[in-house]
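A.B. asks: These are the residues of each chain, in order.
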Amino acid sequence: MSHIARISAIIATAAMTTSLAACGDGADPGGSKTEGGDGPVSLSLWTVFTGSDGDILREIVDKYNDSNDKGITINLDIMPNDQLQQKLPAAISTGTAPDFVLFGVEFLPTYVASGSLEDISDFWDKTGVDPDNYLERVVQLAQVDGKQYGTPMQYNLQYLYWNKDLFEAAGLDPDKPPATLDELADYAVKLTDPDKNQFGLALPVDASAYPQFFWANGGDIDDPATNTNLLDSPENLATLEWAADLAVNKKVTPQAVTGSEADTMLQNGQLAMLMSGPWQINGLRSQGVDFGVGPIPGGSAGAFSPEGGCAYMIPKGADSAKRDATYDFMAYWLSDEIMKEWSVRNGFPVFSKSAAELPEVTGDEVLKSISAATTIGRDYNLGYPLAAQIDKDAIWPLWEAVLTGSTQPAEALKSASEALDSILAQG
Amino acid sequence: MPALATVGGAAGAAGSARRRRPLSRRRHAWVFLAPSAVILAVFVFVPLVSSFVLSGLAIDVFMNDVSFAGLDNFRRLVGDQRVWGATLNTLYFAALAVPAQMVLALAMASMVSRNNRWCRLLRSVYYIPFVCSMTAISIVWSILLDPNMGALSYLTRQLGLGAIGFLKDPALAMPTVVAITTWKGFGYIVTLLSAAILNVPASLDEAAQLDGAGPIRRFVQITVPVIWPTIVFCVVTTTIVSLQVFDQVYIMTKGGPHGSTETLVAYIYNRGFQTAPYDLGYASSIAVYLFAIIAVITFVLRRFVLRRGEDEV
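From first to last, the protein sequence lines stand for chains A and B.
Take the position in the first sequence, starting the count at 1, then add 1274; the result is the number in my numbering.
Take the position in the second sequence, starting the count at 1, then add 6; the result is the number in my numbering.
Just chain B, same shape as in the assembly:
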């Protein structure tokens, strides 16, 4: 997760600014940084730069007859209805998935942030879906939710509700994908938030308690402000991941029914690798467009929406 690396890097830089490290220690730092630097270069920076370059070319996956296309791919993008549909679907997904995961995780974290056996067990249980592969989870859920053969539709039929096409109904498909994503992802956020909650100084809580504050008030006015940097981190990373949603959509709905779950990454994949003429140039231009969306949203989130609390801490 690039954002994780950035946060860690920032903390390290702040530390080293205090006093100069001797040369030999800096050499050691290079040794430890080198493997990640190589991996990041090969799998993040090179593809990133490549997609910017490719977006200006007329190029297919066979890489024959490559020519310079200027801004043609971006002009085509502006007139492509599917790009706008996919943009709305992606934003819709993020607008549902980020609050759902944050609220659920915050609620759960507030309940399991005690260091006893039961809470530790619950935290592990919530974490289990997160370590499973999204592909496997998506396949299992598609089978469970199948309106004709799935276990869930058997139950709804027994209850007299009829078969419900959770992934087949254009209105239900995206909320269903969001629900499954939330179920898979919130355990990770619970782990981060409960670690932060456990670090809230007990003295603050006790002082507020003596002043007569109830549990809800203490949570809102003591816990939340203290763990605010962790909340900001979770919101930003969850937003970035949500805007790049792909696996679950690809496996469960293939972007359907009727394009209602086609996200930007799914459409990039579709243009570049799924549908002839495998237009890599055009797919890359959509990738650059998505990069811009993520950059703007992340900037706005950090700079304006989540700023106040961060300053307080």
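Only chain A is shown next, with the shape it has when bound in the complex:
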């Protein structure tokens, strides 16, 4: 073999071994992250705040970078949630994960199940932040088996938003939103006007915000405590038939609309009602929409709304200097000053007891409506490692089939229930 052949063979072998070694590193994620000490600490943070709330988050992070006296600098990287959830597992397994992350608590259990997050139960003692100052439920949302894996960043339910101008134009009282699902359906029909390309109510095909419809009529999806499938019930069938009638026959919802498309339509006045989280508020304000926000309408069994929230979490393998620096920012976030700023500017319900008593908070109209509508929260598979798979492989396809009219509700419910059976079998 000539020189060059030998050299290229060596290069090829080296390249292959390197790529294989990179795969092998997965067993010990984050092993290469050793930096820090007493000097300045630079932290990378990945998050999903792509909306206008992301601008406010960036302002708060910048303020922290300028004002903290420990030389901590946080580099914020904002990306869509889909993208983050696809990048992070691979980043964790190859030791290239960011120093901390911020996203929805519904994704947390999957990472805990694979041993990918640091147990940060010592956060309260180390920082002196009093956990009792925050709503107990909110602190629990970032726990699995009693261990803390994240610190709360925000808490929310789903709410009903309505466009007051469109209500008035349709002859409805703009200050009286629908209180029941029957009223919701009735209003949705009145508010739909195909000539103006205007829709009464958006039912997005990719949203996780559907358990409220099942719950309102006395149905449910599953019981995570016992791994039981509760989907195939007469109550749920009735709910799905109600939704199919609204979407397919009465056409009150835009065809196969996605959540982000519905947001845009609500903001530009093409949509009269939408159920969504508090992140709508800032966008609606900036577009000058005259809107109302209130609780999710109820059914025969009452009114319920799925709980959600975001938490700061630390991927496995952080060294102690970076971990301490991250704790410092987490504690900063939970201070009255930041809790107040985030809630007042974004319309998120306040979960800090001391911040809730500040005059800026008690005097805010939107916050008052949101807080009043935040009493009907219900846990939907939070802390359950199969939660994301249940939504993606069973519940979203079920609603998509029903809302697009491609399958009859009874048949769609049966096949979704079978899909749910095979998911729960892994539990």
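Among the hints, a few may not be true.
[To be verified] What the simulated footprint calls covered on chain A by chain B, stretch by stretch (three residues with Cβ under 8 Å from a Cβ of chain B suffice, anywhere in the stretch; the number is not a length):
hint	segment
1	1636-1650
2	1661-1667
[Unchecked claim] Residues from chain A that keep clear of chain B, each with C-beta distances beyond 10 Å, as calculated:
hint	residue
3	Asp1356
4	Pro1498
5	Ser1574
6	Trp1616
7	Pro1671
8	Glu1674
[As the list claims (entries may be wrong)] Calculated lysine to any residue pairs in the SDA-like style (CA-CA distance at most 20 Å, straight line):
hint	chain 1	residue 1	chain 2	residue 2
9	B	Lys260	A	Arg1619
10	A	Lys1464	A	Asp1494
11	A	Lys1470	A	Thr1538
12	A	Lys1450	A	Gly1568
13	A	Lys1666	B	Pro283
14	A	Lys1666	B	Arg82
15	B	Lys260	B	Gln164
16	A	Lys1688	B	Gln87
17	A	Lys1470	B	Gln87
18	A	Lys1361	B	Asn276
I should point out that these hints are in silico values taken from the structure, not numbers from a laboratory.
Using N, Cα and C, we set each Cβ at its ideal position, and we do this for glycine too.
Position chain B against the provided structure of chain A, taking the given hints into account.
C.D. replies: Leaving out everything else, chain B in the frame of chain A:
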């Protein structure tokens, strides 16, 4: 494109068989081959072998608790309705996209295969979408085709046709994805085919003309047989690319509405990287299955369907 490399390699091998090259020239060949060999090894051969290995393992993306799974992943694949749905969608896409691109490209190539300024300009214009990123094109088309906010639906509403959900209607979504793919890809085939057409000896054409053959007959009986190897190459590579369709589906429809555009690669990505528990082993077994489909289809195409014309040339 691996197929391109194969064709080039075959031609080179045929040349070297005629006479032995001196040793120093072979050394030179190694120098030029080394960079591509390294790139191919790292980005094609290693992943290829890895996916075969991974398909026999129970492994997630975090790579904890790896164990041998034997044929479990393949057994699961056989019972998975979504694999069969994705297979049909992939074949449906290829069955529409390959003929659409070939027919359109052949028709256009026959019209622009003259060496004047106008034809050269047209060839470049057709080529423009091909050099744009599929992601950018897909985003632009999703905006244009949005039934509520898109420019096209504004026009259809003005015409009294109402808003048409091109990417929202399960029956329309796949044909729409095919149409956009065709629009993006046919310019590349036009370039290859028109280069081949320009090489058709003028004497053959003139002889046929003297014998009284019209333009259509001359195209079918002279041009097409002469450029047949190029047509075969285009059909095979377009088929392979079509069976691996992913970007446009991922950006424009996310496999929806109601799974009507979920292709095999989209489903592989979904299982491996999108949906917990991020089952790399299972995703790899679907990749191996897709590899087998592509191998069989390519073999059948080359061996039986496209053979006759190739032999004639």
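A.B. asks: Quick one: which hint numbers does this structure break? Sort them smallest to largest.
C.D. replies: 1, 3, 7, 8, 9, 10, 15, 17
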